[in-house]
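Participant: Residue numbers (this note's numbering), protein chains in the order written: chain A, 1 to 484; chain B, 1 to 484.
Hints listed in this document are in silico derivations from the structure and should not be mistaken for laboratory results. C-beta atoms are modelled at their ideal positions from N, C-alpha and C, and glycine is treated no differently. One should not assume that every hint holds.
Said to hold, decoys possible - For the chain B half of the interface with chain A, some residues (derived, Cβ under 10 Å), not all of them:
(1) Met1
(2) Phe70
(3) Leu94
(4) Pro142
(5) Arg178
(6) Leu270
(7) Gly284
(8) Ser326
(9) Leu346
(10) Leu410
(11) Arg435
(12) Pro461
Protein chains: 2
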Amino acid sequence: MRQVKTLGLLGTGVIGGGWAARALHFGIDVVAADLNPQMEEWIRGAVANADGALAQLTFAPLPRKGTLSFTTDLDAMARQADFIQENIPEQLELKQRVLAGVSRQAPADVVIASSTSGLLPSDLQRDMDAPERFLVAHPFNPVYLLPLVELVGGKQTSAAALDAASAFMTYIGMHPLRVRREVPGHLTDRLQEAIWREILHMVNEGVATTGELDDAIVYGPGLRWAGMGTNLIYHLAGGETGMRHMLRQFGPCLKWPWTKLEAPELTESLIDAMVAGTQAQAAGRSIRELERLRDDYLVAIQQVLKNFNIGAGATLRALEERLYASAATAAAGVSEAAHERPLWRLETQVRPEWIDYNGHMTDSRYLQVFGDATDALFRHAGIDDAYRKSGHAMYSVEAHLTHRAEARALEPLYVTTRVLEVADKRVRLFHSLHRRRDDALLGTAEQLYVHVSGSPARASPMDGAVHARLAAVQAAHAHLPARV
Amino acid sequence: MRQVKTLGLLGTGVIGGGWAARALHFGIDVVAADLNPQMEEWIRGAVANADGALAQLTFAPLPRKGTLSFTTDLDAMARQADFIQENIPEQLELKQRVLAGVSRQAPADVVIASSTSGLLPSDLQRDMDAPERFLVAHPFNPVYLLPLVELVGGKQTSAAALDAASAFMTYIGMHPLRVRREVPGHLTDRLQEAIWREILHMVNEGVATTGELDDAIVYGPGLRWAGMGTNLIYHLAGGETGMRHMLRQFGPCLKWPWTKLEAPELTESLIDAMVAGTQAQAAGRSIRELERLRDDYLVAIQQVLKNFNIGAGATLRALEERLYASAATAAAGVSEAAHERPLWRLETQVRPEWIDYNGHMTDSRYLQVFGDATDALFRHAGIDDAYRKSGHAMYSVEAHLTHRAEARALEPLYVTTRVLEVADKRVRLFHSLHRRRDDALLGTAEQLYVHVSGSPARASPMDGAVHARLAAVQAAHAHLPARV
């Protein structure tokens, strides 16, 4: 089959627009064909809209962006394209007719693929010229960000066409999933459709609203599904004996009305297939090891979601606000003597995602940990959300960092913080990062912060109480040797 | 109801252990009761195992950790606890009998909750003393990390018990989802069970393996479900007219055999309920706005998963390796003159999750961007995976940062990099970060790197070819003014 330099699109809705954006981003030219000339403006808008997110996906060097052209002449598109992707409405006869027409124009070494969510490739290729180059390549919305694409061959599809499609999809950053048997809905949409129909039943019967049913996923199983599927997850839930235990324990529930979908009989051969499948997925990794992987990504995803304040991230953010507020309340009840402890100390730990390709904590994370220590001190001094909302802030203006030794994943660490100088408008801090195990010094930072107010922010004297608290800490540190 | 200082656990399997770890971490004492004395060692191990992940979840100040005790005397546990959580096997009569027994010992102001995955609270509370304080509080594995807990009252449950449970669950970092009607499987497990039974059918019929079916989720819909549920996701897929368009377009598919679960009739009143529900979820936000939110978290989650090299993160990692490799191949074909461009330039953009509470790019992200620029230069010089695998690396030892101006979310930026000095064992670089819009200088970094080899790493002369390439860049920069 041909090497793909130009992708032809048949139909330009949400899915066609997603294909266009993804292909262009990875250096493929796109000819989009739609009988409706108004779709040109639409698809250009869709591509522009996707570009913001695509630009963030990777900072690796990309080939020069492809160029997009539009035509209302489907045959002209078919004569120019090296690979044709069809995205027209889910109507079997319409798709058959249009695919047959396009196949008369496209040379036989041009792969033609359909984005159909659930129609069968054998039905779609029936009336085509060179039907062996046809297959289903089913993507997911947004096509420009989700890597999954299901590849399904029909009765007449050649292995060469499947291989070529797989190579092209990989080139544009996707994960081709070869579906070995034609079934309506392929694999993914059968699973999605089962959830979807159960949702419709529950809304229909007034059991729950759409929002409650979405919450039922995003705060729980949805977090797991970003990294592991139901089978591996249940293998882990089974404890040391994995899937076999799980099926023994929850097998009887398959007879219970926990969904309107009836389960198959849990025969010995089905149990064996489930156990063999999950054993293959575990690939020799123990339950403990897989649990650690699952836990690590669950933590990391919740922290990412915290930045967007949605779902489990919103829960975590609210929790942290309460924890900071109660720590502040507790501190307010303690005598000022408590502020005189010689050094502020923040306990922390190297998160697995902080590791660079050398296997060590990456250098920008040192600065992040020092920033966490600064935040803890500033919160103590009264620089909290309320203070910021009143228009004041501390800005970092200069930092001097040294790196003395490496830290490995999950290594417990602590930061000590010394207040070197407090003036009306500025604070100078000195942080040291240590390994808890042996107190080894891993790095230091000297940081200068300026107090600002207003918009645009200008240097300004800090609040009297904030100044007094920082000055009290500094006074307590004054007897320490120069840089500790 | 009582304020909760001590949580009593009835049954100590995977779920009981998860409750214990979560409660202890947030300062609640735990009395775990199990008739099997060997479970003491088990639950202590489970708590220790969970602690690693819990310690990473938040660095906000926590109350002092709770203490764990164990007893084989269920009644003694019931007399000490302020809140009792039952986690014994899913057998209705067993649960009824044990819950009734415990309810004779626990004062009437102690909430008793069951972790049942799908039994009905009205059935469970039937034989209890003070049944109004009983409810279902259904968590998800791992209980210590997933925030979701479904709260379901039975016919006799009081509003006070539900409110008290909700407050306690929130205190220990969870998201209570009030389920308004008792149905077998509550909400979440009905949805999970629909997927699970569809999986069993497909494995049973030999359509796909467990691994293929897991891939069908993790590379696609699973990424979306971490932040948004099926309903909001489909609302977005509907384009400008949302859920109503979606139902019109995919409504006919509900009659197709895309799952073994039959859908309800898509009546006007069901359509109205789906549309009203998703409108309420959108809460006035446009489709465009929600799309941007979805895209942002999809990008951020894939980047997190890249660190663990699983699912979509493994796809992204492999893609980046190919992109770097082909950029290197392309560079090898270009004359050395190309290296003499006056400054290295890296294009980047402020990701939404880089923003701090002041609304600006947080200071450690400046250093991260400078690190990205360093990496690009080092890759050009030949310091790639193969070089690192042969035991060599560049370590950052010192950095001096200045912050001149702020950057906002999605702001396009660029870094220019100058090679100040190249010696056998070290390189000194100077980076400047600029806003693309107006070339404003946002910050600078001067960084010293030392070349190391072996384990433990020791300073060593770099490879001759690497040195020559860096020296060529430095020579091209020699005519530039001191710090640009």
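Participant: Now tell me if each hint is right for this structure.
Facilitator: Outcome of the hint check:
1. The interface hint given for Met1 (chain B) is violated, since its Cβ lies 20 Å from the closest Cβ of chain A, which is over the 10 Å cut-off.
2. With its C-beta approaching chain A no nearer than about 19 Å, Phe70 (chain B) sits outside the 10 Å limit, and its interface hint is violated.
3. Evaluation of the Leu94 (chain B) hint against chain A yields a violated restraint, the C-beta minimum of about 13 Å exceeding 10 Å.
4. A hinted interface residue such as Pro142 (chain B) counts as satisfied when its beta carbon comes closer than 10 Å to some beta carbon of chain A; here the least separation is about 6 Å, so the hint holds.
5. Taking 10 Å as the C-beta contact cut-off toward chain A, the hint placing Arg178 (chain B) at the interface holds, the least distance being around 8 Å.
6. Checking Leu270 (chain B) against chain A by beta carbon gives a least distance of about 5 Å; that is within 10 Å, so the hint holds.
7. At a threshold of 10 Å, the smallest CB-CB gap from Gly284 (chain B) to chain A is about 14 Å, leaving the interface hint violated.
8. At its closest, the beta carbon of Ser326 (chain B) sits 8 Å from a beta carbon of chain A; the interface hint therefore holds under the 10 Å criterion.
9. The beta carbon of Leu346 (chain B) is positioned within 10 Å of a beta carbon in chain A (closest approach about 7 Å), and the interface hint is therefore held.
10. Evaluation of the Leu410 (chain B) hint against chain A yields a held restraint, the C-beta minimum of about 7 Å falling below 10 Å.
11. Nearest Cβ of chain A to the Cβ of Arg435 (chain B): about 15 Å, over the 10 Å cut. The hint is violated.
12. With 10 Å as the threshold, the beta carbon of Pro461 (chain B) stays out of range of chain A, its nearest partner Cβ sitting at about 18 Å, so the hint is violated.
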